[in-house]
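*Asks:* In case you want the letters, here they are:
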Amino acid sequence: MQKQTLDIKQEEKKVWDILGHITDPEVPVLTILDLGIVRAVHYDANTIEIVITPTYSGCPAMDMIAANIRMELLAAGYQNIQITHVLSPAWTTDWMSESGKEKLKAYGIAPPNARQQVCNNDLFAPHEAVQCPLCNSYHTHRVSEFGSTACKALYQCDACKEPFDYFKCH
Amino acid sequence: MQHINFILSLADSNLILSQRNAEWCGHGPVLEQDIAITNITLDLLGQARNFYQYAARLINETGNMPGHIATEDSLAYRRTEREFKNILLCELPKGDWAQTVLRQYFYSAFCKGLYFQLLQSQDQSLAAIAEKSLKEVNYHVRWSGEWVIRLGDGTAESKQRIKQALQFLWPYTGEMFMPADFENNNGIDLASIKKQWLLDVQTILEEATLQMPAEHIFMQSGGKSGTHTEHMGYILAEMQYLQRMYPDANW
Ligand SMILES: [Zn+2]
Numbered sequence: 001m002q003k004q005t006l007d008i009k010q011e012e013k014k015v016w017d018i019l020g021h022i023t024d025p026e027v028p029v030l031t032i033l034d035l036g037i038v039r040a041v042h043y044d045a046n047t048i049e050i051v052i053t054p055t056y057s058g059c060p061a062m063d064m065i066a067a068n069i070r071m072e073l074l075a076a077g078y079q080n081i082q083i084t085h086v087l088s089p090a091w092t093t094d095w096m097s098e099s100g101k102e103k104l105k106a107y108g109i110a111p112p113n114a115r116q117q118v119c120n121n122d123l124f125a126p127h128e129a130v131q132c133p134l135c136n137s138y139h140t141h142r143v144s145e146f147g148s149t150a151c152k153a154l155y156q157c158d159a160c161k162e163p164f165d166y167f168k169c170h
Numbered sequence: 001m002q003h004i005n006f007i008l009s010l011a012d013s014n015l016i017l018s019q020r021n022a023e024w025c026g027h028g029p030v031l032e033q034d035i036a037i038t039n040i041t042l043d044l045l046g047q048a049r050n051f052y053q054y055a056a057r058l059i060n061e062t063g064n065m066p067g068h069i070a071t072e073d074s075l076a077y078r079r080t081e082r083e084f085k086n087i088l089l090c091e092l093p094k095g096d097w098a099q100t101v102l103r104q105y106f107y108s109a110f111c112k113g114l115y116f117q118l119l120q121s122q123d124q125s126l127a128a129i130a131e132k133s134l135k136e137v138n139y140h141v142r143w144s145g146e147w148v149i150r151l152g153d154g155t156a157e158s159k160q161r162i163k164q165a166l167q168f169l170w171p172y173t174g175e176m177f178m179p180a181d182f183e184n185n186n187g188i189d190l191a192s193i194k195k196q197w198l199l200d201v202q203t204i205l206e207e208a209t210l211q212m213p214a215e216h217i218f219m220q221s222g223g224k225s226g227t228h229t230e231h232m233g234y235i236l237a238e239m240q241y242l243q244r245m246y247p248d249a250n251w
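Protein chains in written order, with the numbering used here: chain B, 1 to 170; chain F, 1 to 251.
Careful: at least some of the hints might be erroneous.
Result set (SDA-like, lysine to any residue): computed pairs, CA atoms no more than 20 Å apart in a straight line [stated by the list, open to error]: (1) F:K135 with B:P60; (2) F:K135 with B:T149; (3) F:K112 with B:A125; (4) F:K112 with B:F124; (5) F:K135 with B:D94; (6) F:K135 with B:G36; (7) F:K94 with F:Q240; (8) F:K135 with F:D200; (9) F:K135 with B:I22; (10) F:K135 with B:I52; (11) F:K112 with B:L123; (12) B:K101 with B:I22; (13) B:K161 with B:A106; (14) F:K135 with B:E145; (15) F:K135 with B:C169; (16) F:K135 with B:K13; (17) F:K163 with F:Q240; (18) B:K13 with B:V51; (19) F:K135 with B:S144.
Just so you know, these hints were derived from the structure itself, not from any lab.
Same shape as in the complex, but just chain B (with noise of 0.2 Å):
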């Protein structure tokens, strides 16, 4: 009994380390993991089971990520794939790991900030003081709330002009 319950573990420690592997489509510096999207993996009786959350209810990337995950368990040799799509809790910036965050700005994009001191609904609300990922140089301004993905929105620097994009608190 005790031997069957290591190799479970085992196992979904094996499917966690493929996941690891497993890029965002959208932004391909952030694994699935970083992201925090993948909620969790259920080996049962050669089923195996991926519980994913999508960032926005459009998110385009999501059917595409699901397909990945399928995929590559397939390469590695996996049968009887399930993959749950959950909704609550509902995903926030809160789940990205803070190795994801580093990657983000490493490839220009500028991190989320923290939760506590933005996501304010108030009308005409100041915009969040970020940080330029290419300068440092909190001397910025927001462009559009909106950006080029749903999760984004597009900043520019004043210190050193560089547009760029900013994965907004969510």
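Guided by the hints, dock chain F with the ligand onto chain B, whose structure is given.
*Replies:* Below, chain F with the ligand alone, put in the same frame as chain B:
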């Protein structure tokens, strides 16, 4: 079945407004706002998909239609005009920018109240969709509210346009709060949502230096029970064309 119809009505309103707003893609007044409205459109489409997928699951569980499997696609692309339960407000033409942002504000402010109540729903799946949607709706309320204020308290022309939009859209706002048969006994208190909605609208309109319209005028209705405006058939014709012409076509 009442519960399924309620979920379908939420899906339909989101899908039809999403389809309408998508007409702005590539036509927004400036690039950043073109991207903003299409992002909102994508959120609405995503929310509609969550509601459709859940409705399809429930329909299939009832087993009322042997040999026929409901899917999000069959619900969106294979139902007729009379089967759609979206509110009329969502199917009206996009009009100018003023009409688009004011309609978005009216609808999003309503959804905010509705989804907030749905968080307490006995139906866990529905509560989960509401929880996810609410985060996005908050952005939509703020964005559209700011635009209503900007246009109302803007130039002579922008004020004129938002006034016209207000006059045109107002008679379509009452339907949101008129319970359809599938909304009786579903735990949603439309009267209290209406009360908060009127307060929110009043705050925005005052800030926009616009006059609050009379509350008790004749209000248009019928969308929830499938009696739509003349605009509805055209949207469906465009949206459903491919699946009607080439059933089950896939990428
Ligand atoms: Zn800079």
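*Asks:* The structure should be examined with respect to each hint, and the outcome stated for every one.
*Replies:* Quick rundown of the hints versus the structure:
1. Restraint check for F:K135 and B:P60: the C-alpha separation of about 18 Å stays at or below 20 Å, so the hint holds.
2. For the given pair, F:K135 sits about 16 Å from B:T149 by alpha-carbon distance, which is consistent with the 20 Å threshold.
3. A C-alpha spacing of about 19 Å is found between F:K112 and B:A125, which places the hinted pair at or below 20 Å, so the restraint holds.
4. With a C-alpha separation of about 18 Å, the suggested pair F:K112 and B:F124 falls inside the 20 Å cut-off, and the hint holds.
5. A distance of roughly 14 Å separates the Cα atoms of F:K135 and B:D94; the hinted pair therefore holds under the 20 Å criterion.
6. Under the criterion of a C-alpha separation no larger than 20 Å, the hint pairing F:K135 with B:G36 is consistent with the structure, at around 17 Å.
7. Distance hint between F:K94 and F:Q240 is fulfilled; the C-alpha atoms sit about 19 Å from each other, no more than 20 Å.
8. Restraint check for F:K135 and F:D200: satisfied, since their Cα atoms lie roughly 18 Å apart, inside the 20 Å limit.
9. With a C-alpha separation of about 27 Å, the suggested pair F:K135 and B:I22 falls outside the 20 Å cut-off, and the hint is violated.
10. Straight-line distance between C-alpha atoms of F:K135 and B:I52 comes to about 18 Å, which keeps the hinted pair within the 20 Å bound.
11. Taking the CA atoms of F:K112 and B:L123, the gap is about 15 Å. The hint holds against a cut of 20 Å.
12. At roughly 17 Å between alpha-carbon atoms, B:K101 and B:I22 fall within 20 Å of each other, so this suggested pair holds.
13. Taken as a hint, the B:K161 and B:A106 pair is honoured in the structure, with Cα atoms around 18 Å apart against an allowance of 20 Å.
14. For the proposed pair F:K135 and B:E145, the alpha carbon gap of about 15 Å is at most 20 Å, so the pair holds.
15. Simply put, F:K135 and B:C169 have alpha-carbon atoms about 11 Å apart, close enough for the 20 Å limit, and the pair holds.
16. Straight-line distance between C-alpha atoms of F:K135 and B:K13 comes to about 33 Å, which puts the hinted pair past the 20 Å bound.
17. Distance restraint check for F:K163 and F:Q240: the Cα-Cα separation of roughly 34 Å exceeds the 20 Å cut-off, and the hinted pair is therefore not satisfied.
18. With a C-alpha separation of about 15 Å, the suggested pairing of B:K13 with B:V51 holds against the 20 Å cut-off.
19. Simply put, F:K135 and B:S144 have alpha-carbon atoms about 18 Å apart, close enough for the 20 Å limit, and the pair holds.
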